[in-house]
Amino acid sequence: MKISFKLAIAYMKEQKGRTIALITSIALAVILVFSLNVIPETQSKLEIKEAYKNYSDYHVEYSNLSDDIVNKLKKDKEVTEVNDILGLGKIVGKNGTSIQLNSYSDKFIDSYGYQLSKGSNPKNSNEIVIEQKALKEMGLSDDLNQEIDFKIVKYYVDKNNENQIFSKDKKFKLVGIVKKPDAYYEDSSSYASENEYYGVKAFTKDNSNESILPNNLVTHGGTLYLNSSRPDIGKAYEIINKYGLNDSNFMVNASLTQVLDDYSMSKGTTYTMKRKLYPMLAATLVICNIFSIVLIDMTKQIGILRAIGLSKKKVRFMIAIESISVLALGLAFGFLIGILASYAGFYIIYGRFVNIYISKASIYEPMLMATIAVFISSLVPIYKSGKISPVEAIRSSDKFNKKQKNRFCYKLIRKVFGFSGEMAYKNFWRNKIRTILCIISISLGGVLFIDTIAMSKSEDKSLDNSSIAVMTMGNSDIKLFHNTNNSDSNFTKFSKNEIEKISKIKEVKSVKPIIELTGIFITNSKDLTKEYKSVNGIADENKDLEEYVDIEGNSNKSLKDLNQYIEKGENISDKSKGKYPKALVTNYFYSNASPHTKLLNDMKVGDLINIKIPVTKNNKVEYKNEKIEVAGILNGDYVLKEGGLSRGLKVVLNEEDFKNISGRENYNKLNIQIEKGTDKKAQDEIEKVIKNNSFSKFESKYNYKNFYIKQSEKTTKETLVIVSLILLISSINVLCIIKANIMTRMKELSTLRAIGMSPKKLKNMIVKENIMYAFFASIFASILATHNIYKLTKLTNEAYKQGLGTEEAIKFTLPIFESVEFLIVSIIMCLIAVFLCKKKIEKMSIVEGLSTNE
1 MKISFKLAIA
11 YMKEQKGRTI
21 ALITSIALAV
31 ILVFSLNVIP
41 ETQSKLEIKE
51 AYKNYSDYHV
61 EYSNLSDDIV
71 NKLKKDKEVT
81 EVNDILGLGK
91 IVGKNGTSIQ
101 LNSYSDKFID
111 SYGYQLSKGS
121 NPKNSNEIVI
131 EQKALKEMGL
141 SDDLNQEIDF
151 KIVKYYVDKN
161 NENQIFSKDK
171 KFKLVGIVKK
181 PDAYYEDSSS
191 YASENEYYGV
201 KAFTKDNSNE
211 SILPNNLVTH
221 GGTLYLNSSR
231 PDIGKAYEII
241 NKYGLNDSNF
251 MVNASLTQVL
261 DDYSMSKGTT
271 YTMKRKLYPM
281 LAATLVICNI
291 FSIVLIDMTK
301 QIGILRAIGL
311 SKKKVRFMIA
321 IESISVLALG
331 LAFGFLIGIL
341 ASYAGFYIIY
351 GRFVNIYISK
361 ASIYEPMLMA
371 TIAVFISSLV
381 PIYKSGKISP
391 VEAIRSSDKF
401 NKKQKNRFCY
411 KLIRKVFGFS
421 GEMAYKNFWR
431 NKIRTILCII
441 SISLGGVLFI
451 DTIAMSKSED
461 KSLDNSSIAV
471 MTMGNSDIKL
481 FHNTNNSDSN
491 FTKFSKNEIE
501 KISKIKEVKS
511 VKPIIELTGI
521 FITNSKDLTK
531 EYKSVNGIAD
541 ENKDLEEYVD
551 IEGNSNKSLK
561 DLNQYIEKGE
571 NISDKSKGKY
581 PKALVTNYFY
591 SNASPHTKLL
601 NDMKVGDLIN
611 IKIPVTKNNK
621 VEYKNEKIEV
631 AGILNGDYVL
641 KEGGLSRGLK
651 VVLNEEDFKN
661 ISGRENYNKL
671 NIQIEKGTDK
681 KAQDEIEKVI
691 KNNSFSKFES
701 KYNYKNFYIK
711 QSEKTTKETL
721 VIVSLILLIS
731 SINVLCIIKA
741 NIMTRMKELS
751 TLRAIGMSPK
761 KLKNMIVKEN
771 IMYAFFASIF
781 ASILATHNIY
791 KLTKLTNEAY
801 KQGLGTEEAI
811 KFTLPIFESV
821 EFLIVSIIMC
831 LIAVFLCKKK
841 IEKMSIVEGL
851 STNE
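When we follow the UniProt record's numbering, the leftmost residue of the sequence shown carries the number 1, and every step to the right adds one.
Hints listed in this document are in silico derivations from the structure and should not be mistaken for laboratory results.
Possibly wrong hints are sitting among the right ones.
Stated by the list, open to error - No farther apart than 25 Å at their CA atoms in a straight line, the calculated lysine-lysine pairs in the PhoX-like style are these:
#1 697 <-> 676
#2 94 <-> 624
#3 604 <-> 530
#4 659 <-> 575
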């Protein structure tokens, strides 16, 4: 063992270049895998820490539950803590801001992550504590003791299972303000950069003397913790099924869960595994090649050692020690530089220095990959080294003795590239295994590069057909409406002044104002399709039901744009003259990623639909029954492109008919078209106009597309880093092969020099030989990447066609430009490798070369 160890160390010192190449290949692969683990994991840990700060640590928020259900939850073995409050409906401000009103509880305030920033607890039901965000949206100051007028609104289902509305006016005295961190209301991972789950809250003492609501309308809300370390969706749904709840009144802490799930899912994706495996596989191929070169170089020395008595076991052990040594050094340098690279990488990507998080997986993954790579690479040399006999080893030569046939391709190559080109091509295939391994190592980076870049470009160009968010915009470039969690559509509006200002913006082509309300559709379960009943949990075969329906009032101009979606019947351009108002109705809803799922078993033009719409009468909000005649039936494309992916029936009325039955005059939704190429400027101007409109929400094709493009750019940058490292590892491979070829062909090259070949032509031959690595690797990578792109495009188009009815979501394009880009980069890499061997070629001695015994 001692002799084997000394010999291994001596050989490593003698062949410093190859030893460094082996260590560098291992270290580079370790650096990449380590950094790809540490950087995103550090960011994820920071996001999780921030998520707990913003969204608190409660597991479930419940609402609108009865006393009986809450008592059962308190006794449930899967529930460890309940922070209960009374649900007192909603209070609506003059500008339509809708605030959840509850009884005050210190335990709930703490569990929800609120901070009482100003004032004190409410002492009676006339005092109120309001969330700071709500005050800001209402345009009110944070001065305490001011009196604020609200309308209390409670939507409920009575004992006859009919939807009703209770409402009354009430004045509250502001005695306190609670707040959440600003980041609570934001979400950089969503299209709109907004947390879509939050609802602003207010708190009063209680409901003493029924001063807020009749006691029979008071429900329970609150937070609870499950018997788990984090929010558990599985356990939550077990409780939902157990007590007959639904995910709207028993909601998991969605924002916190999303961050935790993103962290868990990011570790096991195919793309993540590819990013780690590709560089490590490239390193494995490089190590295999270098070890094969080392074995060739050591063959004679092994023969001499065997001749003087060194056993096969000790020879093999010597190779094993060399493998373990380069592995240990590669890991040590890899982890050391990897830590520095992680700090630098995090700063480059996120713009700040932080304490990086290094998990056990971040250490054992690169260690395991590197160990497997070196083990696989060492197997053949270790096995072969023990099989070499002393006589064969001493007489061994890497000279290519097999006589090559005078093939037609050689003549063609000589004609096009000259004698040096023919020689380069013959030498290129001199050692087929080594050549193929080198081509594969380079092509790994090519597959990743071409696949990612080409697919990203195709997706970016096809966003109008492949992005559901963009598709739902329909013919509109911008849509303005109000946040449904924090506003009541019965009171929200865009004023005439705001609409006029938007219309006058130079970049705005047209503004189509719409009035929208949520009403009730009266039907019987036997008339509903199996799909609708399944999605909505309806089991009865013959029962009167009340389902939600979206009702719109459109101008004649807007109605004309809907002609393309009318499946049956005709449009409604004028005010109805008959007994009942006429409407366009969609008999489809969005379910299972498809907008073409039918809602009613049978709907015909001329059918009458019974609906209830909210109206204001004597300063109170109540439902009013109406009958609507079906003038036309809208198809599934309307649900996708104009209907907002509605989950139920949607009724579109002429504006005049809508105003007549609802009493509403104010528009609360705007569809805007802008001049081409003016997206950013138009958005900035529109946002200035509506900035003071309470909880107004802004959707645009530009923002959606920009979100996708930024995600694509991030992926591209990560891919370029990985590809660069793979090419760097592969360049070491090429460099070692060039040096090995010069060494093993010293006599051959010297002979060529002796018969008149100049150093320039000799170098030219070696350049041509090494460009072939880039050429064949690029061809191989292009074929594989094209196959991957075609397969992915086909699967995507089939999925979109089946779900959305889109014929061609993404267009397949041959990645010619990307293939040429990779070819150029690969050629440059190979030329750099040749340049690094320039001195060895120039200083080659003809006499010494001719005297070399190959």
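Hint-by-hint comparison with the structure:
1. At roughly 22 Å between alpha-carbon atoms, residue 697 and residue 676 fall within 25 Å of each other, so this suggested pair holds.
2. Between residue 94 and residue 624 the CA atoms are separated by roughly 22 Å; this keeps the pair inside 25 Å, and the hint holds.
3. Note on residue 604 and residue 530: the hinted pairing holds, with a Cα-Cα distance of about 19 Å set against a maximum of 25 Å.
4. Between residue 659 and residue 575, the direct Cα distance comes to roughly 11 Å. Compliance with the 25 Å bound is thereby established for this hinted pair.
The structure agrees with every numbered hint stated previously.
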